[in-house]
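Start from chain A and add chain B according to the hints.
2 protein chains.
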Amino acid sequence: MNPGIRRLLQNPASFLTSAPSDGVCISSRIRLSRNLAGTPFPLAASPEEAVRVVDEVKNACSRPSVIGCPECLFFDIESLDDMEKLALTERRLASADLITSPIPAAVEVSGYESCAVMVNEEDHLRMQVLHPGFRLEECWKQIAALDDELGDELDFAWDDELGYLTACPTNLGTGLRASVMLHLPGLVLSGEIDATVHGINKLGLAVRGIYGEGSGNLGHLYQISNQVTLGESEESIIEQLSAVIRQIVEYERRARVKLLREDRFSLLDHVGRAYGTLQNCYRLSVNEALESLSGIRLGVELGLFQHLGIGTVNELFVELAPGHLQIRSELALPEDEQNILRAKLFRTKLRERS
Amino acid sequence: MNPGIRRLLQNPASFLTSAPSDGVCISSRIRLSRNLAGTPFPLAASPEEAVRVVDEVKNACSRPSVIGCPECLFFDIESLDDMEKLALTERRLASADLITSPIPAAVEVSGYESCAVMVNEEDHLRMQVLHPGFRLEECWKQIAALDDELGDELDFAWDDELGYLTACPTNLGTGLRASVMLHLPGLVLSGEIDATVHGINKLGLAVRGIYGEGSGNLGHLYQISNQVTLGESEESIIEQLSAVIRQIVEYERRARVKLLREDRFSLLDHVGRAYGTLQNCYRLSVNEALESLSGIRLGVELGLFQHLGIGTVNELFVELAPGHLQIRSELALPEDEQNILRAKLFRTKLRERS
Numbered sequence: 001m002n003p004g005i006r007r008l009l010q011n012p013a014s015f016l017t018s019a020p021s022d023g024v025c026i027s028s029r030i031r032l033s034r035n036l037a038g039t040p041f042p043l044a045a046s047p048e049e050a051v052r053v054v055d056e057v058k059n060a061c062s063r064p065s066v067i068g069c070p071e072c073l074f075f076d077i078e079s080l081d082d083m084e085k086l087a088l089t090e091r092r093l094a095s096a097d098l099i100t101s102p103i104p105a106a107v108e109v110s111g112y113e114s115c116a117v118m119v120n121e122e123d124h125l126r127m128q129v130l131h132p133g134f135r136l137e138e139c140w141k142q143i144a145a146l147d148d149e150l151g152d153e154l155d156f157a158w159d160d161e162l163g164y165l166t167a168c169p170t171n172l173g174t175g176l177r178a179s180v181m182l183h184l185p186g187l188v189l190s191g192e193i194d195a196t197v198h199g200i201n202k203l204g205l206a207v208r209g210i211y212g213e214g215s216g217n218l219g220h221l222y223q224i225s226n227q228v229t230l231g232e233s234e235e236s237i238i239e240q241l242s243a244v245i246r247q248i249v250e251y252e253r254r255a256r257v258k259l260l261r262e263d264r265f266s267l268l269d270h271v272g273r274a275y276g277t278l279q280n281c282y283r284l285s286v287n288e289a290l291e292s293l294s295g296i297r298l299g300v301e302l303g304l305f306q307h308l309g310i311g312t313v314n315e316l317f318v319e320l321a322p323g324h325l326q327i328r329s330e331l332a333l334p335e336d337e338q339n340i341l342r343a344k345l346f347r348t349k350l351r352e353r354s
Numbered sequence: 001m002n003p004g005i006r007r008l009l010q011n012p013a014s015f016l017t018s019a020p021s022d023g024v025c026i027s028s029r030i031r032l033s034r035n036l037a038g039t040p041f042p043l044a045a046s047p048e049e050a051v052r053v054v055d056e057v058k059n060a061c062s063r064p065s066v067i068g069c070p071e072c073l074f075f076d077i078e079s080l081d082d083m084e085k086l087a088l089t090e091r092r093l094a095s096a097d098l099i100t101s102p103i104p105a106a107v108e109v110s111g112y113e114s115c116a117v118m119v120n121e122e123d124h125l126r127m128q129v130l131h132p133g134f135r136l137e138e139c140w141k142q143i144a145a146l147d148d149e150l151g152d153e154l155d156f157a158w159d160d161e162l163g164y165l166t167a168c169p170t171n172l173g174t175g176l177r178a179s180v181m182l183h184l185p186g187l188v189l190s191g192e193i194d195a196t197v198h199g200i201n202k203l204g205l206a207v208r209g210i211y212g213e214g215s216g217n218l219g220h221l222y223q224i225s226n227q228v229t230l231g232e233s234e235e236s237i238i239e240q241l242s243a244v245i246r247q248i249v250e251y252e253r254r255a256r257v258k259l260l261r262e263d264r265f266s267l268l269d270h271v272g273r274a275y276g277t278l279q280n281c282y283r284l285s286v287n288e289a290l291e292s293l294s295g296i297r298l299g300v301e302l303g304l305f306q307h308l309g310i311g312t313v314n315e316l317f318v319e320l321a322p323g324h325l326q327i328r329s330e331l332a333l334p335e336d337e338q339n340i341l342r343a344k345l346f347r348t349k350l351r352e353r354s
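Residue numbers (the numbering used here), protein chains in the order written: chain A, 1 to 354; chain B, 1 to 354.
Isolated chain A (complex conformation) (with noise of 0.2 Å):
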């Protein structure tokens, strides 16, 4: 295995790791596309240059700074296994069009994985920080001081006009994505999900699943992100978002007291059901791991549960995604293995707690 895949998986991923919680909001994330002046985009790039830009931004990275060197960790993508790639975008330290790279890619993530600087994807570098909960001015102001560091190593294309130059001009400006993922079953069960959704749209705000565009709303996850890059300072999108994000933890709120009140049997029944299979379950597919989770999720937090914590919940929320666990049982397995496992994992785990 990758000495620093190994290293990765010693510790639980840390945008889930406890934080003081809310109970709605599960992670924030910044992320800022920057790109080399001079050198053309990778869609556009030699391999040559691919392997230039690579070897540029891992020497930016190598001196000791808010990335965290030396325990920063270096992946050149080629070199991994699939499951080693999987495990990467499970942990959220790489995207899935970082892993399918045509051409040289990698990523360095600092030792606690909160900073993570990926070369070759649609920009030479998106670099992200990620933390568990609602903490987007922490990410920021972790953000904005590694982009001065890389600053001063790297030369970034700029206009004087348009701000930092991107790929793709929906990035053009600040360069930057700020999203929250948030745990909405409160509103999925009351029925009030889609007027939600449809009034954050509304603000100009995107609403994506899990994994992305087009995912739906698997396990009731929701990211929130900003649409506009250009022509709104960093502060003033953070700000903007915060706002929303807020409101939606009181609506998110609302809705659970108001079932535990008026659908108390309804609640939980679901949660209870979620319980009952994923501790009894012999055969799992990941979709129904994480359906069922997030009504354990939604117990843990309503105080449901006498031996279960988050933190048991955060950790299978990784744990039961193919790549974590086929390096697990260091094996690469078919799905329908990969689903008896996933089961056998829950089981455990679950009996452990109860």
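Since the hints were derived computationally from the structure, they do not count as laboratory data.
Note that the coordinates shown come from a computational prediction; the quantities given were computed from them, not determined experimentally.
Just so you know, even glycine gets a beta-carbon here, dropped at the ideal spot from N, CA and C.
Be aware that one or more of the hints could be misleading.
Stated by the list, open to error - Residues from chain B that face chain A, not an exhaustive set, calculated with beta carbons under 7 Å:
{"no.": "1", "residue": "F265"}
{"no.": "2", "residue": "L268"}
{"no.": "3", "residue": "D269"}
{"no.": "4", "residue": "R273"}
{"no.": "5", "residue": "Y275"}
{"no.": "6", "residue": "G276"}
{"no.": "7", "residue": "N280"}
Just chain B now, with coordinates in the frame of chain A:
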């Protein structure tokens, strides 16, 4: 509450008390149809004639005999409330037709519930003997003795050529219907059930669901009974049925072994999910309860549970029914509240044992 019903409900339903079981046959039943000579069949009887029939049968049953007086219980159907009537059908001591009879009707039940005599169902008398497991021989000995004893007291309608006369020609002759209730999850899960049912039908036997004709295969339960009552001796009818039952039991056992060997995880998953749902849900319909309890029964028979015995399964099988459920709660409840109460019953019973 009717004191007789109260006494019945102090004990588990006798047809489900633990008996040496083959793991497939739930219960065996033989009933005989008899009518009083010179009296119109129930459908054509006046209320006065119906009352006279009830009195005559009650009187005939009132001496120490097979039916077990003085411990036997007499139920005047009109005197029972809806929940009590349901409870009698759930213990298989009365039929749906009996409890909705437009004329005075009754049922006489032996102390241990193994014998019952319905009065003014389709025929004046429908006597039955009901035992747990595959015990048709014992049923036959007992009901033949009961028939003899009642025949000494009552003048049964009889024709030298046709045999016993009955309201419906399908019962003519012996008036005998023998049936065994089988639990066939192995044949269902392995997809062999349709061919099996087809084969049984070709042998001239009837296959019905747990609630009689048209009730499907709820809970993987099947009642198999003779159709022919005329032109064959009682012993011959019972022997033919028994031979078929023995064969189906063998098929079912083979199907279970095959599933365990060749599709073990599907079987474990089926059983585990049933258990997880019943142990953790907060709303449970009759149908879902029966379906899931079937999974648990299979698991118990295959030795998959350490702390759960067939006694609990059998107890729940009767207690989940609407009449028993409402009588236990001492409340007539709307369906949704029955579902909530039923879920609580399962959570409590299954957690006691886990």
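May I ask which of the numbered hints given earlier this structure violates, with the numbers listed in increasing order? Of the numbered hints given earlier, the structure breaks none, since each of them holds.
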